[in-house]
Each structure stands twice: as structure tokens, then as C-alpha cells.
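Keeping the supplied structure of chain A fixed, place chain B upon it in accordance with the hints.
Chains as they are written, first to last, in the numbering used here: chain A, 1 to 139; chain B, 1 to 139.
Treat each hint with caution, since some may be false.
To be verified - Just some of the chain B residues that point at chain A, by a computed CB distance under 10 Å:
{"hint": "1", "residue": "Thr48"}
{"hint": "2", "residue": "Glu49"}
{"hint": "3", "residue": "Glu52"}
{"hint": "4", "residue": "Leu53"}
{"hint": "5", "residue": "Arg58"}
{"hint": "6", "residue": "Val65"}
{"hint": "7", "residue": "Ser66"}
{"hint": "8", "residue": "Arg79"}
{"hint": "9", "residue": "Ile81"}
{"hint": "10", "residue": "Gly84"}
{"hint": "11", "residue": "Leu86"}
{"hint": "12", "residue": "Gly87"}
{"hint": "13", "residue": "Ala91"}
{"hint": "14", "residue": "Val97"}
{"hint": "15", "residue": "Arg100"}
{"hint": "16", "residue": "Arg108"}
Unchecked claim - Residues on chain B that point at chain A, a partial pick, calculated with CB under 7 Å:
{"hint": "17", "residue": "Pro55"}
{"hint": "18", "residue": "Ala59"}
{"hint": "19", "residue": "Asp63"}
{"hint": "20", "residue": "Asn82"}
{"hint": "21", "residue": "Cys85"}
{"hint": "22", "residue": "Asn88"}
{"hint": "23", "residue": "Ala110"}
To be clear, the hints were calculated from the coordinates, so they are not data collected in a lab.
Backbone N, C-alpha and C fix where the C-beta goes; we use that ideal spot for every residue, glycine too.
Number of protein chains: 2
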Amino acid sequence: MTTECRFCNGERPAPDHRVGELGATTLYLNDDQFFPGWVVLVLKRHATELFELEPAERARMMDEVSRVAGVLHALYAPRKINYGCLGNQIAHMHWHVTPRRHDDPAPRDAHWGVAHTPVRLTPAELSERIATLKHALGL
Amino acid sequence: MTTECRFCNGERPAPDHRVGELGATTLYLNDDQFFPGWVVLVLKRHATELFELEPAERARMMDEVSRVAGVLHALYAPRKINYGCLGNQIAHMHWHVTPRRHDDPAPRDAHWGVAHTPVRLTPAELSERIATLKHALGL
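Chain A extracted, bound-state conformation:
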């Protein structure tokens, strides 16, 4: 727990984007839904690099990333799923899992390099997308 950490202090990700608890991680829908189904898994404890985790904890976290990816694949039928753990802005370990669609404007590029206006869902759309994910994950 590091109080300066915006994940540890609950400031981020946006609490209303929380999908549910997975075990080692908490799942959130990403604020920006330009890539539909883009989610973020946040490690429940503060750590920054993979080698700070014990092997069993790392495996558990990656199993959760994999489980979520499988559900996103079933829901969105993407061309490819992108997995990224950067932490350049908030070092607290988290994983971006991003379905990349066939009609994506730049399907061969990293989504970080795709210029776009962020897509914010309406409250109704947000509730529906979270409910769909919760149902698919059995949460």
C-alpha cells in the first residue's frame, strides 16, 4: 500500500468502471472504449515489476489475464488481443487487455499509437457493457 499511488488510494481506475474481483486482480472496464471491450486488470497489492511477484502469484495473475482474454475473444471476435503491462504513468502493476477488431483503423499498430478521440460510454452503455462482462465471467 503506497498512499501516493493512485491505484492504491482508489482514485484510479474510475470506481464506476469496476467489473469485479478475480482473485489476484480487480477487473475494470477502461475509461476509453474506443476499442470496445478494452479492460484493465489491477493487481490487488502494490508491486511494479513482474520479478517482484512470487511465481505462484505471477501465474495466478496471468491466469486471470488469460481468462479475461478468452471471454473478450468470445464476446468481440477480435482479429487479435493485445496484452500490455507498462506502468509508465502509474507504476502499480496492471494489465491492459485490448481486443483489436478487424475494422480497427490501424490493426497492425499498437493501440497506444492509434490517434483517436477517447470514447466515453453513457451511463446506460457503461452498465450494459459491465453487466455483459460480469455475466460472461460468472461474476
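Structure of chain B alone, referenced to chain A:
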């Protein structure tokens, strides 16, 4: 083995950038060394998404990603290490592990979004960087 896959057919990554065998993966120095120490771990068998791997294989792969990250951290003392498995250009599962330095031109951005001229090492520099990594990994 998919013969159309540029990783399976040995075309990529550049064979002269091979560092060594780790177990589930083969380690290569990335062609572009704009971010010094940027490496790529390629899964030895053809798979594209995390959920295609058995849990034990996935854990083994991630332990190797973690081991390499630890070595890069010791060698380059980065501000943060970035981990990415995209596969938008070559879907065969591979991990970019990229030390991001304090003097990085955009340390808060994903390295995919940092415009730069690729840095190609001379043959002597390439040999030295690979030898340093091999030594640090005990390969």
C-alpha cells in the same frame, strides 16, 4: 508450425540477434535498440493468444519474461520496464520487454508511441550487447 508464420519459418526475429534458449521461449535482442536492452522472447511453438496455452506453459513463459526483466533491471537500472504481447504484425506469441530509462524522451508514454529513428547496432556493438545478456542470464 505454420510455414506462413515469419517466426516459425525463421525469417524473424533476425537470427544474428538471438541471445539464447530459455525453455518455453527463445530470447532475441530487438533489431531496434533505441531503447537499450529492448528484447523479444518468442514462444517456441506457434500460438497466438494467452488462453491457447496450458496454465503450466503460460507460467513457464511468464517466469522467463520475468527472469529476463530482472536481468535487464540489474543491467540498465530503468525507470520502468514495459511488457507487451501484441502480435498485430506477427501473431505468433512473443513478448517485448523494454527497459525505459530516466533519460527516455517520453518516459510516460508507451514505447510504441515514441517517434524515433531506429538504432541499429554495429556488429561489434551487437556482439557485445548479446554477450552481456548471455553472461547475465548464465547462458
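The hints, checked one at a time:
| no. | hint | in the structure |
| --- | --- | --- |
| 1 | Thr48 | holds (7 Å) |
| 2 | Glu49 | holds (6 Å) |
| 3 | Glu52 | holds (9 Å) |
| 4 | Leu53 | holds (7 Å) |
| 5 | Arg58 | holds (6 Å) |
| 6 | Val65 | holds (6 Å) |
| 7 | Ser66 | holds (4 Å) |
| 8 | Arg79 | holds (8 Å) |
| 9 | Ile81 | holds (6 Å) |
| 10 | Gly84 | holds (5 Å) |
| 11 | Leu86 | holds (5 Å) |
| 12 | Gly87 | holds (5 Å) |
| 13 | Ala91 | holds (6 Å) |
| 14 | Val97 | holds (9 Å) |
| 15 | Arg100 | holds (6 Å) |
| 16 | Arg108 | holds (5 Å) |
| 17 | Pro55 | holds (6 Å) |
| 18 | Ala59 | holds (4 Å) |
| 19 | Asp63 | holds (6 Å) |
| 20 | Asn82 | holds (5 Å) |
| 21 | Cys85 | holds (4 Å) |
| 22 | Asn88 | holds (5 Å) |
| 23 | Ala110 | holds (3 Å) |
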